[in-house]
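Q: Residue numbers (the numbering used here), protein chains in the order written: chain A, 1 to 230; chain B, 1 to 231.
Mixed in with the good hints, there may be bad ones.
What the hints assert, rightly or not - If you want the ones that stay clear, here's a sample from chain A, every Cβ over 12 Å from chain B, calculated: (1) Asp111; (2) Pro122; (3) Gly146.
Said to hold, decoys possible - Selected chain A positions facing chain B (Cβ under 10 Å, derived; list incomplete): (4) Arg117; (5) Ser136; (6) Cys137; (7) Gly144.
These are computed hints drawn from the structure, not numbers from a lab. Even glycine gets a Cβ: it sits at the ideal position worked out from N, Cα and C.
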Amino acid sequence: MLLHPPGGLVQGDRIDIDIEAVDAASVLVTTPSAGKFYRTPATGTHQRVGLHAGPNSRLEWLPQEAILFDGANVALSLDVDLSADSRVIVWDSVVLGRPAIEERLMQGHLDTRLDVRLEARPIFSERTRVPGLADSCLQDAGWGLGGAIAMGTLIAYRPEDFVAQDIEALRQLAVSGDGRYTVTLVDQLLVVRALGQSSRFVRETLALAWQALRPRVMGKPAVAPRIWAT
Amino acid sequence: MGDGQPGLALQRLLQLASPSLPVGAFAYSEGLETAVADGQITHVDAVADWLRGAFTYSVVPGDLAITQRLHTAWRAASIDDVTTWSARLLAMRETAERRAQERHLGHALANLLCAMDMTEAADWRLGRAHAPAVTFAALWALAATRWQIAVTDSLSAMAWAWLENQVLAAVKLVPLGQTAGQRLLFELAGDIPAGVARATALSDDQLGGSLPGLAMASAGHETLYSRLYRS
């Protein structure tokens, strides 16, 4: 479990996290609460996470969501380096504004990247820029976030190619609530994307996808870390 | 080819950007078919909005910015740089169908250029040395460079070819009248010069543009009940 006692990032903060699963190690990393990114009128905040899955290792990175307060300027980057025989499940999710007080990201900006390399070759590279509503209609446009206030991506890798049944299992998740999700396979990487009208929809979709995938990727049943329930 | 005769570069560019180029680009809607089927796009203004969003946030910082770098790499005859940038663009295709489209069009253009005696294209054919990193953009940039086409003209034409293909798909899917399609093309092409200028001004750490709505429309196409298009 990863603790960041201040619980939030303010202007000019920069956090770097590197996690390496060395030969044959197994690790599941999560966080006890959502990461908060406060309003940053001048310089932005940065969070960089580097995950390295060494030979024959098992790595799960399942942090709770990042919450951007209105006016936050945030750059998030997640780099995942896979060894050919590693097993990995990673998710990443963001909430724009504080839905409890009906706040949206009017001012500010999110720039979030997810780059995955397999044996040092790039196999997946996604970069999403979300301007505040005052600057762009992207958050509400169908081609953008379609009015969603939460978005999340889960990726999974295992040495054996995923097959049609794996993808089908993920397409049948019993998700309820307001939102939508899709599943695709890009080369050897399974990708689940969720957009929700609530942060709960995205959290549940990713958790259900993880539950369906864990036996298939790690060969172990999914037992939710107790800290998620607190 | 590429012998520098005045005016010839324009002829070559028109040929490269023509919808009659036999690579099969007309078979791909890039998620537009899903957006129409879902009821997200029902009229011409919604098409314009969708294509503007895709162009501004995805085509400019992705396709165009990387194609410019591919030009530089081909001009320097640096195959390492070509494969690096091409692999990077391929990694940005976030769905199974978009990635298959990129590879299919890349291989088809490699075959065509080979048949037109551009020997450098040979290694990008299916099963050949550079095939794993193949993209349509890599082969487009090869042809454009060897045919002495200026980089901004090449990027403008690539943007035009993308736009024309998307508008033709919208004409068929929404559907729109032929005249409405031409008016839309005329209007949206007005954004291309500024988009090309923006693409060429980006630094390497500003590259890339994914849109959740586009990615999900493309992924959703895999399970669409009835499909005219391959993406």
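Q: Quick check on the hint: Gly144(A) CB to chain B CB, less than 10 Å?
A: Holds, because the Cβ-Cβ distance from Gly144(A) to chain B comes to roughly 5 Å (cut-off 10 Å).
Q: Tell me if Arg117(A) is really an interface residue toward chain B, meaning its C-beta lies closer than 10 Å to one of theirs.
A: holds (9 Å)
Q: Looking at Asp111(A) again, its CB stays over 12 Å from all of chain B?
A: Asp111(A) not clear of chain B: closest Cβ-Cβ about 9 Å, inside 12 Å.
Q: Just double-check Gly146(A) for me: nearest Cβ-Cβ distance to chain B has to come out over 12 Å.
A: violated (5 Å)
Q: Does the interface hint hold: is Cys137(A) within less than 10 Å of chain B, judged Cβ to Cβ?
A: holds (8 Å)
Q: Against chain B, is Ser136(A) within 10 Å by beta-carbon distance?
A: holds (9 Å)
Q: Once the closest CB in chain B is found, is it more than 12 Å from Pro122(A)?
A: violated (4 Å)
In this structure, the earlier hints numbered 1, 2 and 3 are contradicted, and the remaining ones agree with it.
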